[in-house]
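Protein chains in written order, with the working numbering: chain V, 1 to 82; chain W, 1001 to 1631.
Do not take every clue at face value.
[Unchecked claim] These stretches of chain V come out as covered by chain W in the derived footprint (C-beta under 8 angstroms, 3 or more residues):
1) 15-22
2) 26-38
3) 61-75
[Unchecked claim] Label pairs and their computed distance ranges (CB to CB):
4) V:N13 <-> W:S1065: 34 to 42 angstroms
5) W:D1012 <-> V:S2: 24 to 32 angstroms
6) W:S1604 <-> V:K80: 54 to 62 angstroms
Since the hints were derived computationally from the structure, they do not count as laboratory data.
Even glycine gets a Cβ: it sits at the ideal position worked out from N, Cα and C.
What follows is the residue order along each chain.
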Amino acid sequence: MSQDKEAILDQLNSIFQDTFTENNYSFSINTTRDDIEEWDSLSHIRLLTAIEANFGVQFDLDEIGNMIDVSTIVDLLHAKLV
Amino acid sequence: MHDLPWLLAPTDDFNERCIQLGCHQAPVAEVHALAKYALSINQANRLYQAIRKLTAEPRSFLSRSLTPFRLGIVSNATMDLMIPSIVTSAIRNGIDIEVVSTDFGQVAQEAFDAGSKLNTAKLDAVLIALDYHAYPFLADPLNTSGEVLPSDKAFDYLRQIRESFKQNGGMICIAQTLAEPPYEFGGNFDAQLDGLLRKSLTEFNRALVDDIRSSMDVLFDVAALVNMVGACHWFDERQWYLSRVPMANAFVPLYAEYLTKLIAALRGKSKKCLVLDLDNTLWGGVIGDDGLEGIQIGQGNPVGESFLAIQQWAKTLKDLGAILTVCSKNDENIALEVFRKHPGMLLKENDFAVFVANWEDKATNIRYIADTLNIGLDAMVFVDDNPAEREIVRTMLPELTVPELPKDSSQFLRILCAARFFEKIDFTEDDAQRNAQYLGNARRLEIQKTAATLEDYLASLEMYISFSPFNELGRKRIVQLINKTNQFNLTTQRYTETDVLQFENDRRYVTLQIELQDKFGDNGMISVVICKVHQDRWDIDTWLMSCRVIKRRVEEAVCDQLIALARKSGISKLRGFYRPTEKNGLVREHYRQLGFDCICSDESEDIWDLAVEHYQMKNPPITVSKSSVIQ
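Construct the complete structure from the given sequences, taking the supplied hints into account.
Structure below.
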């Protein structure tokens, strides 16, 4: 993984910790929606809002539906930011 | 405004504090402190989850520190996302809200079916959270020749929904105006042509506003909210298409804050008093240093105009019934000179019910103002440009509301406005008179200092009291008193306008509304009594009185009247109840002082009986000017 992506993942990690309150999950580049019970459609919206506010980006309609794992989110952010 | 700039941002350890809530020494105070911050939806969710995990005991203490409210929600959109923000905002505004939500789209089913979830849930109100998608504005808009206009159709639909909830569930509705999405078809002509979205929404909103004013329902003016923040920011098509969320998520905290402010207002929890600093809050500069010529206030000077705008705002609030006061670190004479001599000043000395300028600390002075006016610190807002003063006052007086302000005085007004401290649901005769009344109160205090005995003082007030049963004329004020009186309130039983209307017409209840005048002015309606009629006994379900007339033996005059009425009706016994709350310790001995006997007492209630024939008339120095109860 590139340094840019490492940095993005780092920042994402704290957003994930902020969004999912139930357990002390550990997030990695391999985490998917299936790994986190709390990651339902409602918390997905909260997650999305937090990421957009934090990184100052806006995802496209079709991108939002695809954001089902951490590595996709990192790739999307990388494409927008770098 | 989506980040609620009048509130402090959460501390860096906010998440940690939520996690530790369960083991906190004073969890209730900690919840109140955490809820006071400007919370994002994630932070609101975290606090909401932490509260849910509290054990039964702190949770019940938390509930008792708040006013309960059961809110049903129907919507054409997904509202579940908002519940944590609604619950935490409600706590911030003094309300323990219980949300009963329904699946999205179930509006008509819930309203028309008398056995539906909401109609049987014993709610205080139902929020009809509909936006423009809920109505057929966009279907075949121009094909209206000879047909009903889309705005009329939509308005009728909403009226039926409101009517059905009232009939079937006995509750009031909170109805929303419709925000206009940033879509248009023919530009400027959209406002003019029947059937086009812009015109339809304008007409719908106007019809709704007019109708609500004469009904018992309450208006949630979402269109005004969106007007403030801008439709391009408010509407987020992605959220609507993907999840039927009716607004950009970033605005959920603001929507929740305004909704709960409205509900708090229904429960009489809007602020009553504005406490203003002077230097750099009502004018630019420091009068003690810069002098009368040096300060900036009034037309023709950019900084002066920014402060003039704040004075105009305060003046209008006063006209709407808020009490204005001053708390400033200044020499009183120097401060007053500005009001007397500076031509740019809009506010004058007599706009203020209490004027405190000295060198004592502000917390002490604000307490003094609260005592003088006989209102709680939780009913006051303190506006000061100085962050250090704000901080110290906040620490000393945690119940007081102290808005954050930026450095730039031109931004003060929009933030103070957006904070909606003085949310109103009504405008009564009393609101119009309030400042005169409080000014009278301050003068009454002066007399009290000089009168030799309390008796002399009371006699010198030349009080006149009048009694009548509940009626349409007094209804709004009765509801207001029932829902906001906390201290002189024996049972703190809250009732809606619908309930009060019922008492008017129900022979099983005896009701009294009481007005008081004295030589300083008309105090308006100051006391309310509701008795439930049993065979030969009346149970006093409600007895409350406005705090601005305590210690004037008004309750004795009321009791005399009640006894006279009971004798006339052949009633042999009165039964009173005292239910303790955090705020009504004042009336713990109320019934004993009137000669009732305590027949039963436990933690939740004292019961007091009085044999009507043994009652000694108290005859306080108050003249009964009118009684339409007894001729």
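Evaluated hints:
Using a Cβ-Cβ cut-off of 8 angstroms, 5 residues of the region 15-22 of chain V lie near chain W, which meets the minimum of three, so the contact claim holds. Note: the region 26-38 of chain V has 0 residues with beta-carbon separation from chain W under 8 angstroms; the three-residue rule is not met and the coverage is violated. Only residues whose beta carbon comes within less than 8 angstroms of a beta carbon in chain W count, and the region 61-75 of chain V has 3; three or more means the coverage holds. Taking the beta carbon of each, N13 (chain V) and S1065 (chain W) are about 37 angstroms apart, inside 34 to 42 angstroms as hinted.
Evaluation of the 24 to 32 angstroms hint for D1012 (chain W) and S2 (chain V) yields a pass: the beta carbon distance comes to about 30 angstroms. Distance hint check: the CB atoms of S1604 (chain W) and K80 (chain V) are about 60 angstroms apart, consistent with the given range 54 to 62 angstroms.
The structure is inconsistent with hint 2 alone, although it conforms to all the rest.
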